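Taking the working numbering, the leading residue of the sequence shown gets 19, the next gets one more, and so forth.
If you're looking for bench data, these hints aren't it; they were derived computationally from the structure. The model shown is predicted, which means the values in this text are computed figures rather than measured ones. All residues carry an ideal CB built from backbone N, CA and C; glycine is no exception.
If you anchor each label on the Cβ, the simulated ranges turn out as follows: (1) L102 with E75: 23 to 33 Å; (2) E101 with S125: 33 to 43 Å; (3) N39 with D149: 28 to 38 Å; (4) Q173 with D149: 16 to 26 Å.
Below, a list of computed lysine-lysine pairs in the DSS-like style, where the Cα atoms sit at most 25 Å apart: (5) K117 with K83; (6) K43 with K117; (7) K124 with K43; (8) K123 with K43.
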Amino acid sequence: MTTVHVDIMINSASQRLPDQNHLEKWAAAAVTGCPKSSQREEAEISLLIVDAEEGAELNRQWRGKEGPTNVLSFPSDLPPELELPLLGDLIVCAPVVEKEAMEQKKSLDAHWAHMMVHGTLHLLGYDHIVDQEAEAMESLETDILRQLGYPDPYQDH
Numbered sequence: 019m020t021t022v023h024v025d026i027m028i029n030s031a032s033q034r035l036p037d038q039n040h041l042e043k044w045a046a047a048a049v050t051g052c053p054k055s056s057q058r059e060e061a062e063i064s065l066l067i068v069d070a071e072e073g074a075e076l077n078r079q080w081r082g083k084e085g086p087t088n089v090l091s092f093p094s095d096l097p098p099e100l101e102l103p104l105l106g107d108l109i110v111c112a113p114v115v116e117k118e119a120m121e122q123k124k125s126l127d128a129h130w131a132h133m134m135v136h137g138t139l140h141l142l143g144y145d146h147i148v149d150q151e152a153e154a155m156e157s158l159e160t161d162i163l164r165q166l167g168y169p170d171p172y173q174d175h
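Whole structure, please, built from the sequences with the hints as guidance.
Here's what the structure looks like:
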């Protein structure tokens, strides 16, 4: 399995955050399960966990959308000749993840796993703007999460 290191910075008051081992396990599962990067020996992700106010500001600044979102992904654009393992940056809004888990009747652990897999796949070049790409990404997410022991995140959605 690919070694994934997640550099975590917490700027959230949430008391319900996953630990480093879980975050790295979920990201590693996404990297390993992704055909685009399954041969990668190591990867590094910078993760910022924020509260709603900062999440809303970052969503407005980078996507032009109002309100906080669950995860923002910023893939690394380093030149390939540098051969660095940095995949990019993820920003996860803890209150949004907590609220969505409750609304969708999912365990918080399962939803955090989904957000880490989802965000990591974005860092690896997957997207869901076009229907065909969305189907491929959702199918891959579902497979990865099943391998981790979690149910289909898109069931009932």
